[in-house]
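Colleague: First to last, the protein sequences are chains A and B.
Using this note's numbering, the letters of the first sequence correspond one by one to residues 1 to 176.
Using this note's numbering, the letters of the second sequence correspond one by one to residues 1 to 121.
Rather than coming from a laboratory, the hints here were simulated on the basis of the structure.
Just to be clear, a hint being listed does not mean it is correct.
What the hints assert, rightly or not - Have a look at the derived ranges for each label pair, beta carbon to beta carbon: (1) A:Glu14 x B:Leu67: 15 to 21 Å; (2) A:Glu120 x B:Arg37: 26 to 32 Å; (3) B:Ser40 x A:Ala75: 44 to 50 Å; (4) B:Pro21 x A:Lys55: 24 to 30 Å; (5) B:Ser46 x A:Glu120: 40 to 46 Å; (6) B:Asp7 x A:Val83: 37 to 43 Å; (7) A:Asp133 x B:Arg28: 28 to 34 Å; (8) B:Asn45 x A:Val83: 33 to 39 Å; (9) A:Asp144 x B:Leu53: 40 to 46 Å.
Said to hold, decoys possible - Chain A residues, not near chain B, derived (Cβ > 12 Å throughout): (10) His3; (11) Asp18; (12) Arg30.
The beta carbon of each residue, even a glycine, is placed where N, CA and C say it ideally should be.
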Amino acid sequence: MAHEAQPDWQPDFEQLVDLHQSLVFSLALRMTGDRGLAEEIAQDVFLEMDKHLAKLESADHARFWLRRVTMSRSADALRRRRVRGTDLWVEIEEQHGMRIEEPSSPLGSRLEGLLATLPEPQRAALVLRYQEDLTPDEIAATLDAPVATVKSHLQRGLKLLRAKAASHLKEYVRGA
Amino acid sequence: MVHEPFDEFELELKQALQRRPAPPSLKRKLLAQRAARTRSSATRNSFVLWQRLAASVVLIAAIGGGLVWRQHEQEQRKGEEARQQVLTALRITSHALDHAQTQLAAHDRESQNFHVGGPQN
């Protein structure tokens with residue numbers, strides 16, 4: 001994805017951390033479901049950014065780079081966990097999303113928990129779409145995937161999430 | 001679908017997926033790690049500098065040694081050439097002396113024959 005270079009833009013490490021730590025941490029948290037791991041990933045991503053600071057051409061480029069590397073690192077972390085035989089999201093599904101704290105609302109918390117049970121590619125597309133407000137084209141560039149694939153993940157993920165929400169919302173209404 | 005405006009469910013999802021604040025410790029840990037990495041990088045750079053310096057000294061010594069050896073070789077070759085020239089000159093001189101001695105001996109024999117026999121007429 002093309003980013004216009006800003007000749008006057010001077011990347012400042014601390015400023016970029018202040019500005020984007022919430023973005024990076026939230027992406028990693030929603031992809032891994034583990035606060036500790038998300039913090040480790042965020043640290044890795046920012047330290048990696050520090051090495052490539054001179055190559056970042058603009059604020060948009062920095063934001064794009066951070067999203068891309070965070071998604072990639074999160075996928076690597078999940079892969080490593082799978083290899084080690086621990087599927088974090090199985091635990092989370094069993095706990096109905098209770099691993100992710102600070103819910104915005106009971107319904108929001110339930111939706112966030114249900115999102116966690118989706119397959120990884122669908123979850124990645126939905127997180128970038130609804131957390132970061134990216135278009136399918138931007139998601140495709142971030143994940144380095146074809147736009148058609150991203151659209152398919154978004155469509156299927158949303159459909160699956162609606163179906164799960166319909167089921168769980170009944171429980172929620174009953175429980176209220 | 002995704003290009004259309006968000007429906008109620010999507011808006012609820014968007015609300016649920018608002019960014020979470022990062023732990024306050026994140027920035028502190030990052031800055032500490034960055035500082036540690038800078039220190040370790042400085043140490044590594046210093047080590048690399050000393051390595052380069054040592055390599056330069058070895059290289060200069062090798063080149064210097066090579067030059068001295070080459071000069072020594074050249075002088076040795078020149079000395080050998082001079083020795084050969086002297087030997088050639090001595091051989092020529094010796095040959096010339098031999099020749100002169102042979103001629104003198106022949107001359108002496110002719111002189112003796114002349115005095116002993118005398119003129120026949």
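Colleague: Does each hint hold? Answer for all of them.
Modeller: Status of each hint after checking the structure:
no., hint, result
1, A:Glu14 x B:Leu67: 15 to 21 Å, "54 Å, violated"
2, A:Glu120 x B:Arg37: 26 to 32 Å, "31 Å, holds"
3, B:Ser40 x A:Ala75: 44 to 50 Å, "29 Å, violated"
4, B:Pro21 x A:Lys55: 24 to 30 Å, "28 Å, holds"
5, B:Ser46 x A:Glu120: 40 to 46 Å, "44 Å, holds"
6, B:Asp7 x A:Val83: 37 to 43 Å, "39 Å, holds"
7, A:Asp133 x B:Arg28: 28 to 34 Å, "29 Å, holds"
8, B:Asn45 x A:Val83: 33 to 39 Å, "36 Å, holds"
9, A:Asp144 x B:Leu53: 40 to 46 Å, "44 Å, holds"
10, His3, "21 Å, holds"
11, Asp18, "7 Å, violated"
12, Arg30, "7 Å, violated"
Violation of the numbered hints given earlier is confined to hints 1, 3, 11, 12; the remaining hints are satisfied by the structure.
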